[in-house]
Amino acid sequence: GAVVSQHPSWVICKSGTSVKIECRSLDFQATTMFWYRQFPKQSLMLMATSNEGSKATYEQGVEKDKFLINHASLTLSTLTVTSAHPEDSSFYICSARYFAGAQGGQYFGPGTRLLVL
Amino acid sequence: AQSVTQLDSHVSVSEGTPVLLRCNYSSSYSPSLFWYVQHPNKGLQLLLKYTSAATLVKGINGFEAEFKKSETSFHLTKPSAHMSDAAEYFCVVSEADSWGKLQFGAGTQVVVTP
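Chains S and B are the protein sequences, given in the same order. Each residue of the first sequence is one higher than the one before, starting from 1 at the first, in our numbering. Each residue of the second sequence is one higher than the one before, starting from 1 at the first, in our numbering.
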């Protein structure tokens with residue numbers, strides 16, 4: 001149980017285009033999901049907290065107009081990188097919060113690798 | 001405020017020998033602490049978690065960690081390394097039992113030699 005998927009697993013796009021990444025909780029409902037960014041050989045940095053039915057909460061320094069987050073259902077959150085530029089190339093990872101006693105926790109998706117040319 | 005410091009960026013061990021990954025934390029609250037593993041180009045997998053119960057926590061794949069409040073440490077150990085243990089390991093802290101915002105350490109790269 002507590003499986004999180006991401007789609008696509010990797011994407012290459014041209015500079016100036018927008019890219020949408022989906023994060024799904026497959027076998028549980030998640031009122032809260034999180035989006036992280038990881039540069040090569042670096043740690044994960046939290047970008048934003050996605051709350052079902054309300055606006056996302058962004059971490060300091062993250063442009064909310066650049067990284068649009070929509071959490072329209074209890075099993076799906078999307079991250080859209082708008083007008084992508086080469087510096088947005090990174091590994092984007094989502095997680096979903098799962099409340100289930102001892103099995104509870106944050107479960108991570110496999111990540112989406114974005115390359116902007 | 002909370003933070004974690006992983007004291008080693010790289011650890012190299014021989015197969016069959018013990019592994020020790022060191023982590024110190026700082027937290028204004030009673031923390032929850034976790035160790036996650038990330039294999040190349042893969043997502044993160046939870047190895048184990050401490051949430052104010054037993055201070056010695058056993059996880060998957062033979063890993064365990066001990067919460068020492070007096071030393072503000074949560075070191076990860078394994079008695080005998082396997083080749084498949086080669087990966088990046090992250091020590092993580094959050095507010096206790098909230099499963100909320102996670103603060104990641106910088107990571108420790110583990111290399112296992114035959």
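The reader is advised that the hints may include incorrect statements.
Derived lysine-lysine pairs resembling DSBU-like cross-links, with alpha carbons at most 30 angstroms apart [to be verified]:
| no. | chain 1 | residue 1 | chain 2 | residue 2 |
| --- | --- | --- | --- | --- |
| 1 | B | K42 | S | K66 |
| 2 | S | K41 | B | K68 |
| 3 | S | K41 | B | K101 |
Hints listed in this document are in silico derivations from the structure and should not be mistaken for laboratory results.
How the hints compare with the structure:
Distance restraint check for K42/B and K66/S: the Cα-Cα separation of roughly 25 angstroms lies within the 30 angstroms cut-off, and the hinted pair is therefore satisfied. For the suggested pair K41/S and K68/B, the alpha carbons sit about 29 angstroms apart, so the restraint of at most 30 angstroms is met. A distance of roughly 22 angstroms separates the Cα atoms of K41/S and K101/B; the hinted pair therefore holds under the 30 angstroms criterion.
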